[in-house]
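K.L.:
Could you put the whole structure together from the sequences, leaning on the hints where they help?
Sequential numbering from 1 applies to the sequence shown in my numbering.
I should point out that these hints are in silico values taken from the structure, not numbers from a laboratory.
All residues carry an ideal CB built from backbone N, CA and C; glycine is no exception.
It cannot be assumed that every hint is accurate.
Restraint ranges, calculated between C-beta atoms of paired labels, are given here [claimed, not checked]: (1) Ile251 with Ile23: 49 to 57 Å; (2) Lys155 with Phe60: 20 to 28 Å; (3) Lys85 with Phe56: 50 to 58 Å; (4) His78 with Lys220: 51 to 59 Å.
DMTMM-like mimics (lysine to aspartate or glutamate), calculated; alpha carbons at most 20 Å apart, straight line [as the list claims (entries may be wrong)]: (5) Lys112 with Glu221; (6) Lys101 with Asp166; (7) Lys134 with Asp166; (8) Lys260 with Asp236.
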Amino acid sequence: MALALLNARMSRKSYQMWSLPAILPLTSLLLSKFSLIVPLSTTQGIYFQLLQASPFIIKFCGDLKYAVENFETVERHHSVLNDLKLQLAERKMWLASSIHKGEEEVMIEVHKELKQVYPDILTIIVPRHPQHGKEIYLGLQKEHLSVALRSRNDKIMPETNIYLVDTLGELRMFYTLTPIAVVGGSFIPGLTGHNISEAAAAGCATLTGPYIGHFLNMAKEMQQLNPLSVRQISEDGLVEVLRELLDDETILEAHRVAAKQAYQALSHGIIENLWHVLAIHIFEKTRWKILFSLG
Numbered sequence: 001m002a003l004a005l006l007n008a009r010m011s012r013k014s015y016q017m018w019s020l021p022a023i024l025p026l027t028s029l030l031l032s033k034f035s036l037i038v039p040l041s042t043t044q045g046i047y048f049q050l051l052q053a054s055p056f057i058i059k060f061c062g063d064l065k066y067a068v069e070n071f072e073t074v075e076r077h078h079s080v081l082n083d084l085k086l087q088l089a090e091r092k093m094w095l096a097s098s099i100h101k102g103e104e105e106v107m108i109e110v111h112k113e114l115k116q117v118y119p120d121i122l123t124i125i126v127p128r129h130p131q132h133g134k135e136i137y138l139g140l141q142k143e144h145l146s147v148a149l150r151s152r153n154d155k156i157m158p159e160t161n162i163y164l165v166d167t168l169g170e171l172r173m174f175y176t177l178t179p180i181a182v183v184g185g186s187f188i189p190g191l192t193g194h195n196i197s198e199a200a201a202a203g204c205a206t207l208t209g210p211y212i213g214h215f216l217n218m219a220k221e222m223q224q225l226n227p228l229s230v231r232q233i234s235e236d237g238l239v240e241v242l243r244e245l246l247d248d249e250t251i252l253e254a255h256r257v258a259a260k261q262a263y264q265a266l267s268h269g270i271i272e273n274l275w276h277v278l279a280i281h282i283f284e285k286t287r288w289k290i291l292f293s294l295g
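P.N.:
Structure (structure tokens):
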């Protein structure tokens, strides 16, 4: 049976562990069982070679995290989308996505500061885990903020401050509805970020925090194409950048276009490249093995 390791990544910490003299022979044996390794980046490829993976089985085809479903095909529930668009019309808004425990406090403080400048500002919070929504809701009530819950199908009223999306599987839909996305899992030390390309694919002005783990490679790739495509912002700088985007439609549009164009450039041909590599290194070899065994 042919084995392939796709979108393979290895942190420096993991590399140091797997390369220990007592473990390296086992690591080498394990990697020798693969017919194909497709690393996330050149750095990852070097790590695998240093762990004695054959250079002949290491091939590159791009980060599969860019292979995001076409957003036009996600718009299956047109009535829901149209209803939300009507509720959100004329509101200044921003989205905080994939929020982990503790990050909601950052986003609530940002909302309160923005509200002093934009009294009708709407903050949409999508927790990483829907069960975290109840805790966030209780915290928002203590702050005397008006909250609408997605799970209750609450309407977004003119006085609504926070729309809490405590449901599963709707993040991409909300990316299509909001002009600005702050991708969470990135504002507290120890967190490692989330897929920023999903927000970029939807044409959001894309912001994320300083703690993004292996997604740093994706951020750098996008920034090399256009520095505006994704911006890494500290907690202290978040309000300032959001105000910059909310105040100037031209600046906001430049960020949105840069994000989408960077995503399109980096995602182009990734699946085709992967199938090509699999065809050569897995499917063809398997076919010949079957033919030889039958012969």
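K.L.:
Against each hint, give a clear statement of whether it holds in the structure.
P.N.:
Verification of the supplied hints:
With their beta carbons about 51 Å apart, Ile251 and Ile23 fall inside the hinted range of 49 to 57 Å. Roughly 49 Å separates the CB atoms of Lys155 and Phe60, a value that falls outside the hinted 20 to 28 Å. The given range of 50 to 58 Å is respected by Lys85 and Phe56, whose C-beta atoms sit roughly 52 Å from each other. Between His78 and Lys220 the CB atoms are about 37 Å apart, so this pair departs from the stated range of 51 to 59 Å.
Proposed proximity of Lys112 and Glu221 is contradicted: the alpha carbons are some 33 Å apart, above 20 Å. Distance hint between Lys101 and Asp166 is fulfilled; the C-alpha atoms sit about 13 Å from each other, no more than 20 Å. Of the supplied pair hints, the one linking Lys134 and Asp166 holds, its CA atoms being roughly 8 Å apart against a limit of 20 Å. Simply put, Lys260 and Asp236 have alpha-carbon atoms about 26 Å apart, too far for the 20 Å limit, and the pair is violated.
Violated hints, listed in ascending order, are 2, 4, 5, 8; each of the other numbered hints is respected by the structure.
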